[in-house]
Amino acid sequence: MEKTRVIHIITRLDKGGSAETTLHIVSSLNMEKYDVFLAHGLSRESNMSIMEKEVVESDLLLAEAKGVRVFALPSLVRRLSFKNDLLAFINIYRLIKRIRPHIVHTHTSKAGLLGRLASFLARVPIIIHTPHGHVFHSYYGPVMTKVFVFAEKILSFMTDKITALTNRERDEHLEEGIASIEKYVVIHSGVMLDRLMNMSVDAGAVRGEFGIAQDSNVVGVVGRLVPIKGHKYLVSAAKRIIKEFRNTVFVFVGDGYLSSRLERQAESVGVRKNIIFTGWRKDAVEILDLFDILVLPSLNEGMGKVLVEGMALGKPIIASNVGGIIDLVRNGENGILVPPGDSDALGEAILQLLKDKNLSEKLGKNGKAMVYPEFDASVM
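Numbering (the numbering used here), first residue to last: 13 to 392.
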């Protein structure tokens, strides 16, 4: 019996949520029923550290060992580039014509644009797209945003199904008139909850590495250091918090081109000695386990996979009231929602939890109860 041939296409492979989810999907498919292919860009724009690149390469080798055939597309880049985009489109089209897939599943915006158009022209029977969030808010100016919305509306006619990570992500697509509700299916981006449940962390060793005292309050954020993640608002909020709780340490786990700018901002507001920038870490989840409070101050977020990890570890959440976050964080139940870009509200929420340990503990327990089993990777 002929296997079903499936090509997954993603713009870049780094250790971000969209790439991790895509790798999990392709590696988890039944290889007795499917011939699985993965085409990806080279992730030059991710500015990955050497360690992060090594982990991504290791993940790809594991996927190949399970039977996934991997194709690198050097011209597939996230930024707009007529030359690269045209070349990437041609290469994707040729790959599709050679493999003759029954299904093409694209991930993220650029791969979704070029991959769906190439699949449509190549007459692929089934075309699926997972945006992993959207760029309708806080990414571009109004003119460019309208261009993206228009392009998504056109592409929706070439798409059989659009997978949203959360109900809110689907609803925001519907509000923009991207496609009819019948085209959408909501599938949460899951994490390996068993690993988190059984994880053993030497808290003393981790605290020792970063020089964090045992009696320090640890407020942390995990994510790439880019504008959309809103780190600067947490830096601004830190000054007020330290005035009341001098033993508070802020841990920023992740790397990105804003790193030096955020360090300068911390110096200018007088909180640099209270903020630890870890860079990219393979053991990010182990560091997250030290947090007393997990913060996600994003301006836009498809889902926020780190929130699931934090809740699984029993951490109270403070996050922006945007995108798919509101599907995960229920204000006053498992976390506190604040307006995006509002340092004062962010600081007030952090102070509230630092002052009220009972509330903090309650939010953490409720969050842990919410994620099992709905957000387990096996369910996805």
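There may be inaccurate statements among the hints.
[Said to hold, decoys possible] Here are the simulated lysine-lysine pairs, DSS-like style, with alpha carbons at most 27 Å apart:
# : residue 1 : residue 2
1 : Lys-109   : Lys-45
2 : Lys-15    : Lys-173
3 : Lys-95    : Lys-65
[What the hints assert, rightly or not] Label-pair distances were calculated between CB atoms; the ranges are:
# : residue 1 : residue 2 : range
4 : Met-63    : Glu-194   : 42 to 48 Å
5 : Ser-280   : Ile-138   : 21 to 27 Å
6 : Asp-227   : Ala-381   : 47 to 53 Å
7 : Ser-70    : Gly-220   : 24 to 30 Å
8 : Glu-44    : Ser-280   : 36 to 42 Å
Just so you know, these hints were derived from the structure itself, not from any lab. In this text, a Cβ means the ideal position worked out from N, Cα and C, and glycines have one as well.
Structure-based check of each hint:
{"no.": "1", "hint": "Lys-109 with Lys-45", "result": "holds, 21 Å"}
{"no.": "2", "hint": "Lys-15 with Lys-173", "result": "holds, 21 Å"}
{"no.": "3", "hint": "Lys-95 with Lys-65", "result": "holds, 26 Å"}
{"no.": "4", "hint": "Met-63 with Glu-194: 42 to 48 Å", "result": "holds, 44 Å"}
{"no.": "5", "hint": "Ser-280 with Ile-138: 21 to 27 Å", "result": "violated, 53 Å"}
{"no.": "6", "hint": "Asp-227 with Ala-381: 47 to 53 Å", "result": "violated, 29 Å"}
{"no.": "7", "hint": "Ser-70 with Gly-220: 24 to 30 Å", "result": "holds, 27 Å"}
{"no.": "8", "hint": "Glu-44 with Ser-280: 36 to 42 Å", "result": "violated, 59 Å"}
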